[in-house]
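Can you make the complete structure from the sequences, with help from the hints?
From first to last, the protein sequence lines are chains A and B.
Under my numbering, the first residue of the first sequence carries the number 15, and numbering increases by one thereafter.
Under my numbering, the first residue of the second sequence carries the number 755, and numbering increases by one thereafter.
Check each hint, because a few of them may be wrong.
Simulated restraints, written as ranges between beta carbons of each label pair [said to hold, decoys possible]: (1) A/L138 / B/L1042: 45 to 51 Å; (2) A/R147 / B/A776: 26 to 32 Å; (3) B/L927 / A/S71: 50 to 56 Å; (4) B/A776 / A/K157: 35 to 41 Å; (5) A/N80 / B/L850: 32 to 38 Å; (6) A/L138 / B/S1030: 49 to 55 Å; (7) B/W764 / A/T108: 19 to 25 Å; (8) A/N80 / B/I1043: 55 to 61 Å; (9) A/T108 / B/S949: 56 to 62 Å; (10) B/V1039 / A/E105: 35 to 41 Å; (11) B/S949 / A/F223: 27 to 33 Å; (12) A/M219 / B/V1048: 50 to 56 Å; (13) A/S192 / B/V1048: 40 to 46 Å; (14) A/T108 / B/M1025: 35 to 41 Å.
Don't read these hints as lab results, they were simulated from the structure.
Predicted model only: the values in this text are computed from it and were never measured.
A virtual CB, placed ideally from N, CA and C, is assigned to each residue, including glycine.
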Amino acid sequence: MSPLAVRNLNKSFKALQVLKDVSLEVQDEERHVVIGPNGAGKTTLFNCIMGTIPLTSGEVLLDGRNVGTLPTHARVPLGMSRTFQKNNLFESLTVEENVHLAIEARKPYRFGLFKPLSWRADLLEESEELLRRWDLWGRRERKVRELSYGEQRLLEVLLALASKPRMLLLDEPTSGMSPAETAQTIGLIQELPRSLTLLVVEHDMEVVFAIADRITVLHHGEVFLSGPPEEVRGDERVREIYFGGGARHDA
Amino acid sequence: MRRLLGGVPWPGILILAVLVFALPVVLPPFGVSVATEIFILAIFAVSLGLIIGYAGLVSLGHAAFFGAGAYTVALLGERVANTYALLAAAVLIGGLLALFSGALFVRTSGAYFLMLTLAFAQVLFAVAFEARSVTGGGDGLSVAAVPNFGFGEVTGDYGLYYMMAAFFLGCYLLLRLFVASPAGKAVRGVMENESRMKALGFNTRSYKLLAYGLSGAIASLAGALYAYFNFFVTPDLLGWVFSGQALIMVIVGGAGSLLGPAIGAGFFLLMQEYLSSYTERWQLVMGLIFVAFVLVGRGGVFDLLALAFRKVIPRRIRREFGEDPSPPEPVTTQKEKAL
Ligand SMILES: Nc1ncnc2c1ncn2[C@@H]1O[C@H](COP(=O)(O)OP(=O)(O)OP(=O)(O)O)[C@@H](O)[C@H]1O
Ligand SMILES: [Mg+2]
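This is the structure in structure tokens:
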């Protein structure tokens, strides 16, 4: 059974219909990339999948179960988490405090009232391991707003990973990064365990073809095409829409 | 070291405790009574500071809980003598009132939350004012209960001082633990970035409610203590003027820290004592001081002291003391280019 499926999803903001009957199936352990020009509705699709905004109609199936009406905080424990296109961090807290919160969310003591959070050995251990793996250990006592943009972008992914999802949604993980940071991020994404299913929105074609097992093209809120990378790369119409219209990147 | 302490400043708390318990030695008897009232209002201000500074909820009706606690002791105290039972009842009633009203209120934020809390407190005020047969209405109600923790009745200025001082320290310690706890950290996270907290899987509304309930319970405890201290309660304890004064204490003291609002409470009461002996318009003067605080010292007394330090003491002298907050301007790149 596919870990994530979207069925006939519609989303309107008042008169503006942004998603039109979108259906999408992500296979187990797949690395699925969604591409499409600016304003195609990619972020809106993520928002609907996670419950960040309510969908107008349709279903979001997680392991076959419709979670489309659950609040976000009830979807996360079922095994999904996301990053944001625009950094969405705890800016006035330290890097470490950010990670602690992300880990705490799935701990039974998240409502604990007396024992200080920093006395939880399990939490400290997990946090250290994550920070070391993502090269942010040396920066752990820095406030987030003191980090470079690229480091903040990494932390964005790290927080989502700290939820221990089976299904991870990344919204343009490399946007705004320098070429070196992009290369590092590609490496880190490729090193993620295969058991973690990925749904990624990405504009950078280098990144797209480096990680995609399957690509879905979204255009004006509709699924235009979905297939393996070679098929999408060779499709004339996709070139037309994506590279011709937006002209943001060359293939 | 910080890890060992769990983010709780234990040494600071110990020093504070010693200072608080030694204070009456140097104070005149009149001062002891003022200090006692300061401790009670400090508990109240700290409870309000908790939801403002750590949960981002600005209430203009916090007196509702203070008054509820005060009336609990005044009304139940006619039947029940046990101090523990009365205080527990006040905490319970304040906490439940906050949880039930908060369940509706925390769905809103900003000005809406402010207005709802104000309206809620005004409803309780109206009840206390109108239910003459029970509450004595505007004439108020005298308090029959006398505090007794099993070591004999607590009476006299000094007895009440130590009782209130102990409660203040206890509440402060409790809240210190709370803000370092998993739940307290999450409350802070919700204030910092609610959308991220949701994306991480936190039920953000329940954390706001938790903070609000805890704050209501502690405010109610402060009210109960006030009833023991003042021997008399009136509907004013539920009124918006008192809520507003608590807000001033928090803002003057600084909402970002736990102890700030307590200092604000002390400042407020001392100013009130001092100003009211000079002029009947002390509220006006207090208001102006408050405005000055909001305009100049965003972060309350602490920030203001730091600001004064920077403004009053010339930089040259500070540099000699090894402090140099503003390093010399770096040479601009344009000049370098010109060269
Ligand atoms: N909250 C909202 N209210 C109204 N319109 C919205 C809202 N969010 C998105 N839209 C509109 O929906 C359309 C799709 O936006 P979305 O952010 O999903 O695009 P995208 O594919 O992620 O684009 P980009 O590549 O620029 O990130 C846009 O026209 C946008 O203006
Ligand atoms: Mg987007």
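Here is how each hint holds up against the structure:
For the pair A/L138 and B/L1042, the beta carbons lie near 49 Å from each other, so the given range of 45 to 51 Å is met. Look at A/R147 against B/A776: about 52 Å separates their beta carbons, and that is not inside 26 to 32 Å. B/L927 and A/S71 have their C-beta atoms about 53 Å apart, which keeps the hinted 50 to 56 Å range intact. For B/A776 and A/K157, the hinted distance range of 35 to 41 Å is satisfied, since their beta carbons lie about 38 Å from each other.
Separation of A/N80 from B/L850 is about 36 Å and conforms to the stated range, judged on CB atoms against 32 to 38 Å. Look at A/L138 against B/S1030: about 52 Å separates their beta carbons, and that is inside 49 to 55 Å. Look at B/W764 against A/T108: about 21 Å separates their beta carbons, and that is inside 19 to 25 Å. Our hint of 55 to 61 Å for A/N80 and B/I1043 holds, since their Cβ atoms are close to 59 Å apart.
One distance hint, 56 to 62 Å for the beta-carbon pair A/T108 and B/S949, is violated here, with the actual separation near 20 Å. For the hinted restraint 35 to 41 Å between B/V1039 and A/E105, the CB-CB distance of approximately 38 Å keeps it satisfied. The hinted window of 27 to 33 Å between B/S949 and A/F223 holds, with their beta carbons roughly 31 Å apart. In this structure, A/M219 and B/V1048 meet the distance hint of 50 to 56 Å, their C-beta atoms being roughly 52 Å apart.
Restraint check, A/S192 to B/V1048: a C-beta distance of roughly 43 Å satisfies the suggested window 40 to 46 Å. Taking the beta carbon of each, A/T108 and B/M1025 are about 37 Å apart, inside 35 to 41 Å as hinted.
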